[in-house]
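Enquirer: Residue numbers (numbering that gives the first Met the number 0), protein chains in the order written: chain A, 0 to 405; chain B, 0 to 253.
Keep in mind that a hint or two might mislead.
Here chain A is said to cover these stretches of chain B; the calculated rule only asks that three of the stretch's residues, wherever they fall, bring their Cβ under 8 Å from a Cβ of chain A [unchecked claim]:
1. 100-108
2. 190-198
Calculated pairs, DSS-like style, for lysine-lysine (alpha carbon to alpha carbon, straight line, at most 25 Å) [what the hints assert, rightly or not]:
3. A:K23 <-> A:K182
4. A:K227 <-> A:K186
5. A:K227 <-> B:K191
6. B:K152 <-> B:K49
7. A:K23 <-> B:K197
8. B:K222 <-> A:K224
9. A:K139 <-> B:K222
10. B:K191 <-> B:K83
11. A:K156 <-> A:K182
12. A:K23 <-> B:K152
13. A:K231 <-> A:K156
14. A:K71 <-> A:K286
15. A:K224 <-> B:K197
16. A:K71 <-> B:K170
17. A:K186 <-> A:K23
18. A:K158 <-> A:K182
19. A:K227 <-> B:K197
20. A:K158 <-> A:K227
21. A:K231 <-> A:K280
22. A:K152 <-> A:K139
23. B:K83 <-> B:K49
24. B:K106 <-> B:K83
25. B:K106 <-> B:K49
26. A:K280 <-> A:K186
Residues from chain A that keep clear of chain B, each with C-beta distances beyond 12 Å, as calculated [stated by the list, open to error]:
27. K139
28. I147
29. L217
30. K280
Worth flagging that the hints you see were computed from the coordinates, not collected in a lab. No residue lacks a Cβ here, since even glycine has one placed at the ideal position from N, Cα and C.
What follows is each chain in one-letter form.
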Amino acid sequence: MPQMTDESVRAGSTREDDISFYEKVLAAAPNGEQLRLCLECGNCSGICPFGYLMTYPPSRLIAMLRADRFNKVLETDTVWMCVSCYACTAVCPSKIPLTFGLMTSVKEELLLAGNVPAELQTALANSQRYGNPQGESPRKRADWANGIQPEVKIMGKVKQPVDVLWFVGDYPSYHPRVQSTTKALAKVLNALGVDFGILGPDESSDGDSQRLAGERGLFEMLAEKNGKVFSKYQFNRIITTDPHAYNAIKNEYPRLGISYPVQHFTEYLVEHLEQLTPLLKHEVKAKVTYHDPCYLGRANGIFDQPRALLEAIPGVELVEMAHNHANSLCCGGGGGGMWLDGFQWEKAHVRMSDWRVREAVTSGASILAVACPYETPRFEDAVKSLNGSGPLIVKDIAELLAESLG
Amino acid sequence: MNIVALFKLVPDLVEELEIDGNGTALNMDFLRLIINEFDDHAIEQAILLKERGGAQVSILGPDIEGVEDVLYTAASKGADRLIKLTGDFQGKANNHAMARAVTSALKELQPDLILTGVQANTDLDGSLGPLLAEYLDMPYVGYVSGVKVADGKVITRKEYPGGLVAEMEIKLPAVLGIQAAEQPPRYIAVAKVRQAMKTATIEVRTLAESDLSGGSTIRRMFKPEAGTRAEMIEGSAEEVTTRLLDIFKEIGVL
Chain A
0 MPQMTDESVR AGSTREDDIS FYEKVLAAAP NGEQLRLCLE CGNCSGICPF GYLMTYPPSR
60 LIAMLRADRF NKVLETDTVW MCVSCYACTA VCPSKIPLTF GLMTSVKEEL LLAGNVPAEL
120 QTALANSQRY GNPQGESPRK RADWANGIQP EVKIMGKVKQ PVDVLWFVGD YPSYHPRVQS
180 TTKALAKVLN ALGVDFGILG PDESSDGDSQ RLAGERGLFE MLAEKNGKVF SKYQFNRIIT
240 TDPHAYNAIK NEYPRLGISY PVQHFTEYLV EHLEQLTPLL KHEVKAKVTY HDPCYLGRAN
300 GIFDQPRALL EAIPGVELVE MAHNHANSLC CGGGGGGMWL DGFQWEKAHV RMSDWRVREA
360 VTSGASILAV ACPYETPRFE DAVKSLNGSG PLIVKDIAEL LAESLG
Chain B
0 MNIVALFKLV PDLVEELEID GNGTALNMDF LRLIINEFDD HAIEQAILLK ERGGAQVSIL
60 GPDIEGVEDV LYTAASKGAD RLIKLTGDFQ GKANNHAMAR AVTSALKELQ PDLILTGVQA
120 NTDLDGSLGP LLAEYLDMPY VGYVSGVKVA DGKVITRKEY PGGLVAEMEI KLPAVLGIQA
180 AEQPPRYIAV AKVRQAMKTA TIEVRTLAES DLSGGSTIRR MFKPEAGTRA EMIEGSAEEV
240 TTRLLDIFKE IGVL
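Between the sequences and the hints, there should be enough to build the whole structure, so can you do that?
Expert: Given below as structure tokens:
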């Protein structure tokens, strides 16, 4: 190990490129400076769901930075096991922004060095070219709304102000399973008489998961595109289907000068609960357990609103899984996890969604309720592949509400 | 060693194709152009050769929508010269015309090796590589999925149907039609491409007027039409099988 002065230990390194990386981590997130205060308690690596598979889980990454050996990290690929679930950040006693600062910055370095799993490259290239990770035609982004009555307003067509701009998102727009959530939410909004519109072909991916997968430049490009589109239209607030879009528009877009009031749809609907409750006439007689999405719960503190909506549905008996609220388990889809299934399976031979579905079954629930578009397909796949989880049904809260509307 | 990779931009098939009003071409109103996938592999192969043995890599493409994105991306991969070719690439342009028009620009670069995609979805009059080789009087090998350079020669891995592979030695200069680079085209972070946009220069070459001779003329372009020869057999499983047996007897296979 090279000789280090006190100063260099504090700054993390004596090497110029490492110092600049250290500085980059410090600057990458608000409170980045907290990195200097790492106690080496190791809680972050302990709570990380895939920490046991990482050569350098968060605490070891910090140790490598401090020991002037960050170059070793760039030779490994297990940081791609990180699904940006925010668990490490939530437990850190020094309040270090481990997810947004440290882990994302390491992924950025790997990406710039070309150390990127192939399947992730495809999603990034698609996002760059088509504005969605799936590589679907941007012209078809509003096709899910065909045939819905009253007709869903597309801002570029109706050219009139709306109260609520609904940022639909990638998976809600294109994924065949998630489209049913999207249609259900349209039904709920229509039942409430909400004056809403969507961007349709004008909408690009929110870019949050691409950012957390290390592609900051792509995130900025997508955010700028969306920002330009937002500024073309008149609306009072934005609601999102996707907690990742919510997180991006709420916490990241303002840093790029794009500021709009934004709510996740569960937040918005709870504000209208008095009006919504009398419309929920049909019983959904079931034990329901709710999965807190990382970017709704842990990252943004929205725990009660989704539960309040579920409890407003007649017949629903809400039960909790062992991991709930801030302690919720990740579905495995965040931070690029949606596009790293093959890579992560090779390393782990298990899926995070499998763990979660087992917990849901153990809770005695017959319905696993979710509020994030990544989750329905991920959990349904887990249900299909796990013995003994057969009767468990995965539904988005929007779908359960629509069912109860009848 | 001078390596030139030449690319075409082709309709992006993410959109459903429509025929234009005249019935002889695609309706391009809403179609975006994208680099021909095989040409993307040709660029990757050029960069791989440079990384392995050193080379000056020039990338050439037609000056139409999307050309600058491809060129700047190639620069961030390591390409040295970026050249866009102005000329008639829309409308009736064909590979014969393009190959003839690009000959002098290519000669000026004094290439040892010209790489181009083995085919493109717009090749109506044969693929570009052999035509280039003919007009430049160079040897051509197509369906190449690996290239080694050694002493004024290249050894190529050429793929044949049925999983057969041949190693062929060719004297330089030569033209190769790339089927696949030795590794998939790499992803370049947006930040790097934006950097290249600030630092790299794109040169412009004006091509001679198009000489379309040798190309094909499109008389009618149409979507697959449903034939009338199929008979849909309806009914229960038993009815269907009975009818099938009758048909087999009628046509004499039973």
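Enquirer: Next step is simple, just say for each hint if it's right about the structure.
Expert: Structure-based check of each hint:
For the stretch 100-108 of chain B, the stated coverage by chain A is not satisfied: 0 residues place a CB nearer than 8 Å to a CB of that chain, which falls below the threshold of 3. By the rule of at least three residues with a Cβ nearer than 8 Å to a Cβ of chain A, the coverage given for the stretch 190-198 of chain B holds, with 4 such residues. Proposed proximity of A:K23 and A:K182 is contradicted: the alpha carbons are some 42 Å apart, above 25 Å. For the hint pairing A:K227 with A:K186, the CA-to-CA distance comes to about 28 Å; that exceeds 25 Å, so the pair is violated.
For the given pair, A:K227 sits about 23 Å from B:K191 by alpha-carbon distance, which is consistent with the 25 Å threshold. Taken as a hint, the B:K152 and B:K49 pair is honoured in the structure, with Cα atoms around 15 Å apart against an allowance of 25 Å. Note on A:K23 and B:K197: the hinted pairing holds, with a Cα-Cα distance of about 22 Å set against a maximum of 25 Å. Between B:K222 and A:K224 the alpha-carbon distance is near 35 Å, which puts this suggested pair outside the 25 Å criterion.
With a C-alpha separation of about 21 Å, the suggested pairing of A:K139 with B:K222 holds against the 25 Å cut-off. Taken as a hint, the B:K191 and B:K83 pair is honoured in the structure, with Cα atoms around 20 Å apart against an allowance of 25 Å. For the proposed pair A:K156 and A:K182, the alpha carbon gap of about 20 Å is at most 25 Å, so the pair holds. Note on A:K23 and B:K152: the hinted pairing is violated, with a Cα-Cα distance of about 47 Å set against a maximum of 25 Å.
A distance of roughly 12 Å separates the Cα atoms of A:K231 and A:K156; the hinted pair therefore holds under the 25 Å criterion. Using a Cα cut-off of 25 Å, the hinted pair A:K71 and A:K286 is violated, with the two alpha carbons roughly 49 Å apart. At most 25 Å may separate the alpha-carbon atoms for a hinted pair to count; A:K224 and B:K197 meet this at roughly 20 Å. Our distance criterion of 25 Å between C-alpha atoms is broken by A:K71 and B:K170, whose separation comes to about 43 Å.
Pair hint A:K186 plus A:K23 does not hold up; C-alpha atoms about 45 Å apart against a cutoff of 25 Å. Simply put, A:K158 and A:K182 have alpha-carbon atoms about 22 Å apart, close enough for the 25 Å limit, and the pair holds. With a C-alpha separation of about 22 Å, the suggested pair A:K227 and B:K197 falls inside the 25 Å cut-off, and the hint holds. With a C-alpha separation of about 16 Å, the suggested pairing of A:K158 with A:K227 holds against the 25 Å cut-off.
About 39 Å separates the Cα atoms of A:K231 and A:K280, which puts this hinted pair outside 25 Å; it is violated. Pair hint A:K152 plus A:K139 holds up; C-alpha atoms about 15 Å apart against a cutoff of 25 Å. About 21 Å separates the Cα atoms of B:K83 and B:K49, which keeps this hinted pair within 25 Å; it holds. At most 25 Å may separate the alpha-carbon atoms for a hinted pair to count; B:K106 and B:K83 meet this at roughly 15 Å.
For a cut-off of 25 Å, the pair hint linking B:K106 to B:K49 stands: about 20 Å separates their Cα positions. For the given pair, A:K280 sits about 15 Å from A:K186 by alpha-carbon distance, which is consistent with the 25 Å threshold. Listed as outside the interface, A:K139 is inconsistent with that label: its C-beta sits roughly 9 Å from the nearest C-beta of chain B, within the 12 Å cut-off. The beta carbon of A:I147 sits about 22 Å from the closest Cβ of chain B, which is more than 12 Å, so the claim that it is off the interface holds.
With a least beta-carbon separation of about 4 Å from chain B, A:L217 fails to lie farther than 12 Å from that chain, contradicting its non-interface assignment. No Cβ of chain B approaches the Cβ of A:K280 within 12 Å, the least distance being about 42 Å, so the stated non-interface status holds.
Of the hints listed earlier, those the structure fails to meet are numbers 1, 3, 4, 8, 12, 14, 16, 17, 21, 27 and 29, in rising order.
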